[in-house]
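Put together the whole structure using the sequences plus the hints.
Protein sequences, first through last, are from chains H and Y. Just so you know, we're using my numbering here: the first sequence kicks off at 1 and counts up by one. Just so you know, we're using my numbering here: the second sequence kicks off at 60 and counts up by one.
Keep in mind that the hints were calculated from the coordinates and are not lab data. If you're wondering where the values come from, they're calculated on a predicted model, not measured in any experiment. Built from N, CA and C at the ideal position, the CB exists for glycine as well. One thing to keep in mind: the hints can contain errors.
Claimed, not checked - Quick partial rundown of chain Y residues pointing at chain H, CB under 7 Å, derived from the structure:
# : residue
1 : TYR122
2 : LYS228
3 : LEU243
4 : ILE255
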Amino acid sequence: MDIVYYLHLIPLTLGISFIYAGTRCEDVKSIIRQGFRISLSIFMFLLVSLLIFWACFGC
Amino acid sequence: MDDNNSTTNTTQTPVAQQPEIDLKNPFLAALLSFVLPGAGHFYQGRIGKGIVFCVCVLGLFIYGLVLSSGDVGWGRAMYWKWTPDDHRFYFLGQGCIGAPALPALIQSNRVKNGEAPLLHGFMAPPISSRYVVNNHGKLEYANLSADSLAEQNSKYNFTFHQIRKSLNKDFELGTLFTTIAGLLNLLVVFDAAGGIVIETEDKKKKAADKRQ
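Structure representation (C-alpha cells):
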C-alpha cells in the first residue's frame, strides 16, 4: 500500500529535528530532548493535517 | 530608574547560560565538517555533538542509499552526471555530504570512459540511451534502444528509465534522503564554524514586537 511510504517520514523528521536541535544546544541531553520535542510537534502537525483532509475529502 | 537599568542589563545576556565553546580554528573545523559530518566537532573536542551529527547525517544518507538499491545496483539515486540529456542538479545537494559522495565522482568518471562500474554499480550514473561506447573507448551518439545498449555494456549499466522503473518510488525517496542529508551537513558546517545559535532577550523582544 502507498500509505506505507509515509512511514519514511519518521526517520526523515527525526534526522532533521536532531540536527536543528543540535544547532541550538551544546549539551547532548538537551539536543536529544529538543530533537524529540520538535519531531513530536511535526508529527502532530502532520496528524492534524491528515485528519482535516480526511474530514474534508474523506480520503 | 533602577528598573530601567536592570532591564537594559538583562537584554544583553543570553536567555539560557550556554557553556563557553572553544572553536579552535573555525575554518579548519568547517572544512573538516564538510569533508566528513561531525569531524569538525571532534577536532574542537565537542565529541558528543559530533557523534549526534555524524549519526544523524550519515544515517539519513545511508538510509537513502539503501532505499535506492536493488536489482539495478546499489545506491543508484546518488550519482553525478552532466550530459545534454541528464543534468543531475540533485548532486549539488547530495555532494555537500563531502567524502561519502566521492564514489559517485569516481564511478561517473569510469562510466564516462566506457569502463564498467565497480561494486555492484554503487553510485554509478545511468548510461544514456543516446550514447554508446565505441571501439576507442569514447562515447558516441548511437540512438540505440535502452535494452540493446544495456546488453552490450556491463551488468550494472542501466539507463535512467530502467533504474527508475525498477526502483519505482524508492528512487525518488533515495534522492530525497541523500539530498536532505547533504544539505543538513551545511548546518553542521556552520555550527562547527560559528558555534551554537544563542537567542538573546533583545532578539526575543524584537520578534515579539514584530508579531504584535
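Results for each hint:
| no. | hint | result |
| --- | --- | --- |
| 1 | TYR122 | holds (6 Å) |
| 2 | LYS228 | holds (6 Å) |
| 3 | LEU243 | holds (5 Å) |
| 4 | ILE255 | holds (6 Å) |
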